[in-house]
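**Q** Residue numbers (numbering that gives the first Met the number 0), protein chains in the order written: chain A, 0 to 327; chain B, 0 to 271.
Rather than coming from a laboratory, the hints here were simulated on the basis of the structure. Please note that a few of the clues may not be correct.
Said to hold, decoys possible - Straight line, CA to CA, 20 angstroms or less: simulated SDA-like cross-link-like pairs of lysine to any residue:
#: 1; chain 1: B; residue 1: 148; chain 2: A; residue 2: 253
#: 2; chain 1: A; residue 1: 174; chain 2: B; residue 2: 238
#: 3; chain 1: B; residue 1: 6; chain 2: A; residue 2: 253
#: 4; chain 1: A; residue 1: 174; chain 2: B; residue 2: 161
#: 5; chain 1: B; residue 1: 161; chain 2: B; residue 2: 139
To be verified - According to the in silico footprint, chain A covers these stretches of chain B (three or more CB under 8 angstroms from chain A):
#: 6; stretch: 35-41
#: 7; stretch: 237-248
To be verified - Which bits of chain B does chain A cover? Going by a derived footprint, with three or more residues having C-beta under 8 angstroms, they are:
#: 8; stretch: 83-96
#: 9; stretch: 103-113
All values reported here derive from a predicted model rather than from experimental measurement. Positions of the beta carbon are idealized from the N, C-alpha and C atoms, including for glycine.
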Amino acid sequence: MENRLSGVKRYFTRHFVQRRLAELIFVLLGVTFLTFIITSAAPSDAAEMYFLSHGITPSETLLEQTRQEMGLNAPVLVRYVRWLGEALTGNLGESYQFGESVFAQLSRKLPATVQLAGGALVVTVAVSFPLGIAAAVRKNKLADWLIRLISFVGISLPNFWLALILLYYFGVVLKWFPVISAGDLKSMVLPVMTLAIPLCCSYVRQIRTAVLEELGREYVTGARARGIPEWRIMAGHVLPGALTPIVTMICLSIGSLLGGAAIVETIFGWPGIGSMVVDAIRVRDYPVIQGYVIWMAVIYLGVSLLGDIACRLLDPQLRRRKGATADA
Amino acid sequence: MHKSKNKAAIRLGIFSVMALLLIGIAVCGSLLAPYDPLASDYTIPLSPPDALHLCGTDKLGRDVLSRILCGAGSSFFLTFVMAALVTVIGTVVGMVAGYAGGLTDSILMRCMDILLAFPGSVFAIAVTGIIGVGIFNTVAALALVWWTKYARLVRSMTVSLKDRDFVWQARFGGASESKILLCCILPEVLPQVVTMAAMDIGNMMISLAGLSFLGLASQPPAPEWGYMLYESRQYMQTAPWMMIFPGIALLVTVMVFNLLGDSVRDVLDPKN
Numbered sequence: 000m001e002n003r004l005s006g007v008k009r010y011f012t013r014h015f016v017q018r019r020l021a022e023l024i025f026v027l028l029g030v031t032f033l034t035f036i037i038t039s040a041a042p043s044d045a046a047e048m049y050f051l052s053h054g055i056t057p058s059e060t061l062l063e064q065t066r067q068e069m070g071l072n073a074p075v076l077v078r079y080v081r082w083l084g085e086a087l088t089g090n091l092g093e094s095y096q097f098g099e100s101v102f103a104q105l106s107r108k109l110p111a112t113v114q115l116a117g118g119a120l121v122v123t124v125a126v127s128f129p130l131g132i133a134a135a136v137r138k139n140k141l142a143d144w145l146i147r148l149i150s151f152v153g154i155s156l157p158n159f160w161l162a163l164i165l166l167y168y169f170g171v172v173l174k175w176f177p178v179i180s181a182g183d184l185k186s187m188v189l190p191v192m193t194l195a196i197p198l199c200c201s202y203v204r205q206i207r208t209a210v211l212e213e214l215g216r217e218y219v220t221g222a223r224a225r226g227i228p229e230w231r232i233m234a235g236h237v238l239p240g241a242l243t244p245i246v247t248m249i250c251l252s253i254g255s256l257l258g259g260a261a262i263v264e265t266i267f268g269w270p271g272i273g274s275m276v277v278d279a280i281r282v283r284d285y286p287v288i289q290g291y292v293i294w295m296a297v298i299y300l301g302v303s304l305l306g307d308i309a310c311r312l313l314d315p316q317l318r319r320r321k322g323a324t325a326d327a
Numbered sequence: 000m001h002k003s004k005n006k007a008a009i010r011l012g013i014f015s016v017m018a019l020l021l022i023g024i025a026v027c028g029s030l031l032a033p034y035d036p037l038a039s040d041y042t043i044p045l046s047p048p049d050a051l052h053l054c055g056t057d058k059l060g061r062d063v064l065s066r067i068l069c070g071a072g073s074s075f076f077l078t079f080v081m082a083a084l085v086t087v088i089g090t091v092v093g094m095v096a097g098y099a100g101g102l103t104d105s106i107l108m109r110c111m112d113i114l115l116a117f118p119g120s121v122f123a124i125a126v127t128g129i130i131g132v133g134i135f136n137t138v139a140a141l142a143l144v145w146w147t148k149y150a151r152l153v154r155s156m157t158v159s160l161k162d163r164d165f166v167w168q169a170r171f172g173g174a175s176e177s178k179i180l181l182c183c184i185l186p187e188v189l190p191q192v193v194t195m196a197a198m199d200i201g202n203m204m205i206s207l208a209g210l211s212f213l214g215l216a217s218q219p220p221a222p223e224w225g226y227m228l229y230e231s232r233q234y235m236q237t238a239p240w241m242m243i244f245p246g247i248a249l250l251v252t253v254m255v256f257n258l259l260g261d262s263v264r265d266v267l268d269p270k271n
């Protein structure tokens, strides 16, 4: 036993984390390179944008001279390495639009988005777990049908339309919440609802499936035969068993939350990085777009790495099976 | 078992008819529309729904119902273009990666990892922002992230298929690699790809409409659902019908395609 445990631990520390970190670095290099390539393929370049943002229409010779000074005529790979070096020290350039450093701008606006996404995630988990479990327990009864019907409509709802409807009903008709965000708790309610409702609906469906799958296993029948109360089977065995797919799902939804935040923040005027990047796109503020994409990728990758580790901790079977094949 | 299979087939039939009906409406939208979707009538701007204009009019007095009917065409067309793009690219890359294995496989898979590292819609928004605003740019940007899902599915199926007996028999029979891919692997992979695409098409439509809602896709004045919703934002207080009806059209369409997707899965998936 002691031997096997230490084997697992060794595998965990030596192979898994190292392999995942190596993958992470590789993917990050790819992400930054891809972003850089796409940006440099854009029709207007940094020199031109610099002048335009200062209200100057530059002549061709002036442009050429500035390009030379900014090092824009060097081969793409050279520029990428130079840019990457800067990026690693935290310097992602300056916004064409505001002249502020992209890093400062991102770190100033990120908390608002995290607040929104975090709020939505908390609401989603709090609502969808009871509903998903209820639907599974009352399978094919009225409650199950109702929950499934509503969640089906919910996953077909376009989130931007949902935002408009909520805004219209609760903001314009009932006047419960402000139409334009003031950044306080009250203006957070509608954006959080917009993000949480579709997410809840897909969670309910998946939790229902995961719980039903666990309920169908033999140990549940065995536990019932031994007279263990239903709630103890549920809380002690079924839920922990169903947790692994759900944790994976939560990690995956961080991506859709961050993406969805762009649209929702724009509609509600929430001052996060989502509305920031949509504004930046309108005026072709490339350094801001670049910085945003890279930060998002880093956050997303970090969260999925944590999710993988959490799954391994939760599911001893996965740990042992994968450990055995990798050691063999 | 047999009975539930039958039921699934009936459901598939019903939803296929509904989807075909919607496609029919989208194709003949301009014939069904009671008014010219581009004709503005300055005497009746922002008028609420009545007998003449069932869904009201917009800021230029254009009939909202006509705009919804005519806008359906471009929404459907773009969604199908995108679905075709992602399934074809995904299937080809997936089969090649899975069948070739080794270095080719590793390189292709790592490229997919890189694309998967971006939250989908974020990347699409950024790509559209960089390559410029336009309908086909949004399709390209979304397709660029979306195909990886299909490639992964096809690759993992190909890996397990390529050592099956019937593939080896074809190989011993002297079939060329491309023939094996086309005649042995593709028919096995296709049902899964079709299922995935059918379940995905509603999401594609929402994502495309979402980008045009952000003002990144269509150029006015041509009607398009996402852009109509974008325009309706300013008139939320005075003309809510401008946002309610295009949204309902989008919701109903997505629901029909999602129902169709579910029933396609029930019929094709051997597990059910």
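**Q** Decide, hint by hint, whether the structure agrees.
**A** Checked hints:
1. 148(B) with 253(A): Since the Cα atoms of residue 148(B) and residue 253(A) sit roughly 17 angstroms apart, the hinted pair holds (cutoff 20 angstroms).
2. 174(A) with 238(B): holds, 17 angstroms
3. 6(B) with 253(A): With a Cα-Cα distance of about 37 angstroms, the restraint between residue 6(B) and residue 253(A) is violated, given a limit of 20 angstroms.
4. 174(A) with 161(B): violated, 62 angstroms
5. 161(B) with 139(B): Violated - the C-alpha atoms of residue 139(B) and residue 161(B) are around 31 angstroms apart, more than 20 angstroms.
6. 35-41: violated (count 0)
7. 237-248: That given contact holds, which follows from 4 residues of the stretch 237-248 of chain B lying within Cβ reach (below 8 angstroms) of chain A.
8. 83-96: With 0 residues close enough to chain A, the hint is violated.
9. 103-113: holds (count 4)
The structure shown violates the earlier hints numbered 3, 4, 5, 6, 8.
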